[in-house]
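Chemist: Take a look at the letters that make up each chain.
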Amino acid sequence: MIFKPSKGFAGKMAKDAGTRGVLEVHAAAVAEAARQNAPGDQGRTVTIARDRETVSVGFASSIGHLIEWGSKNNPAYAPLRRAVRAAGLRLVEQGKKKN
Amino acid sequence: MIPDVEKLTADYLRTAPGIEALGARVVGKTPEKLSTPWIKLVQIDATNAAVSPPERLIEFALQLDCYAGSSGGQPEATLLARTARAALVSMPDASHDGAVVTSVRFSGMIRLPDADFEKARERVVLDVSVWARPA
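Protein chains in written order, with our numbering: chain A, 1 to 99; chain B, 1 to 135.
Since the hints were derived computationally from the structure, they do not count as laboratory data.
Since we're looking at a predicted model, the values are computed, not measured.
Even for Gly, the Cβ is constructed at its ideal location relative to N, Cα and C.
Keep in mind that the hints are not guaranteed to be accurate.
Stated by the list, open to error - Derived DSS-like pairs: lysine-lysine, alpha-carbon spacing no greater than 30 Å straight-line: (1) B:K29 to A:K72; (2) B:K7 to B:K29; (3) A:K4 to A:K15; (4) B:K7 to B:K33; (5) B:K33 to A:K15; (6) B:K33 to A:K72; (7) B:K7 to A:K72.
Unchecked claim - Residues of chain B clear of chain A, computed beta-carbon distances all greater than 12 Å: (8) K7; (9) V26; (10) H96; (11) V104; (12) I110; (13) D114; (14) D116; (15) R133.
With the sequences and hints as input, model every part of the structure.
Modeler: Written as structure tokens, this is what we have:
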């Protein structure tokens with residue numbers, strides 16, 4: 001008996017209907033928490049985006065990075081990072097993967 | 001009562017040899033003097049660790065904004081962030097007033113220049129999780 005790794009296994013799993021369902025549930029929870037954590041009316045700009053393999057939560061706002069990380073004049077509200085933790089997920093910060 | 005890990009970490013970094021050698025300040029808000037490098041350290045969260053009774057072991061999420069001085073640029077900001085990271089890794093081995101630090105992990109380190117300065121100031125943002133409990 002020989003074990004042969006399945007090429008593209010991760011991609012196949014990401015497209016699986018069951019996996020997508022779990023991703024959607026977690027994304028919805030993170031998005032809701034981020035909306036509550038965001039200052040003022042910025043919560044309204046929290047969006048969920050989807051592609052073939054990922055479900056992403058982010059800000060549809062030109063100042064989203066200021067809200068998340070802050071600046072000289074703005075505090076770091078960190079709504080997305082706090083939302084991930086509140087949802088019980090492990091936070092790993094990395095750039096978007098390119099296939 | 002949970003320890004003040006934001007203060008504890010700032011105090012620890014201020015006396016870290018690498019940080020002192022760079023002449024960097026560790027502050028809680030943007031300083032008045034911007035010519036020399038600084039680290040702005042803020043706590044963004046403090047949650048109960050899943051494997052611990054409530055309010056015993058806490059995961060403190062800290063954000064360190066490592067800014068270059070007025071002429072240091074990207075190399076200075078990057079060096080400051082890497083120096084801070086190297087110092088923080090040793091926190092569990094050190095003694096801390098009123099607290100025991102059990103683990104330090106990093107979840108992000110991004111180069112994000114701060115455009116709120118007239119000329120964007122080089123900055124590296126370091127996300128750190130410090131697990132600590134009362135001594």
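Chemist: Take the hints in turn and mark each one as holding or not.
Modeler: Cross-check of the supplied hints:
Between K29 (chain B) and K72 (chain A) the alpha-carbon distance is near 8 Å, which keeps this suggested pair within the 30 Å criterion. Taking the CA atoms of K7 (chain B) and K29 (chain B), the gap is about 13 Å. The hint holds against a cut of 30 Å. As the CA atoms of K4 (chain A) and K15 (chain A) are separated by approximately 21 Å, the hinted pair is consistent with the 30 Å bound. With a C-alpha separation of about 21 Å, the suggested pairing of K7 (chain B) with K33 (chain B) holds against the 30 Å cut-off.
Note on K33 (chain B) and K15 (chain A): the hinted pairing is violated, with a Cα-Cα distance of about 52 Å set against a maximum of 30 Å. In summary, the hint linking K33 (chain B) to K72 (chain A) is supported, as the alpha carbons are separated by about 13 Å, within the 30 Å threshold. Note on K7 (chain B) and K72 (chain A): the hinted pairing holds, with a Cα-Cα distance of about 20 Å set against a maximum of 30 Å. Interface exclusion of K7 (chain B) from chain A stands, the closest Cβ pair being 17 Å apart, more than 12 Å.
With 12 Å as the threshold on Cβ separation, the claim that V26 (chain B) sits away from chain A holds: the shortest Cβ distance comes to roughly 16 Å. Look at H96 (chain B): its CB is around 23 Å from the nearest CB on chain A, clear of 12 Å, so calling it non-interface holds up. Listed as outside the interface, V104 (chain B) is consistent with that label: its C-beta sits roughly 15 Å from the nearest C-beta of chain A, beyond the 12 Å cut-off. Chain A draws I110 (chain B) into its interface by the beta-carbon criterion, the shortest separation being 7 Å against a cut-off of 12 Å.
Remark: the non-interface label on D114 (chain B) conflicts with the geometry, its nearest Cβ contact in chain A lying 5 Å away (cut-off 12 Å). Chain A draws D116 (chain B) into its interface by the beta-carbon criterion, the shortest separation being 4 Å against a cut-off of 12 Å. Once the 12 Å rule is applied to beta carbons, R133 (chain B) is consistent with being away from chain A; the minimum gap is 18 Å.
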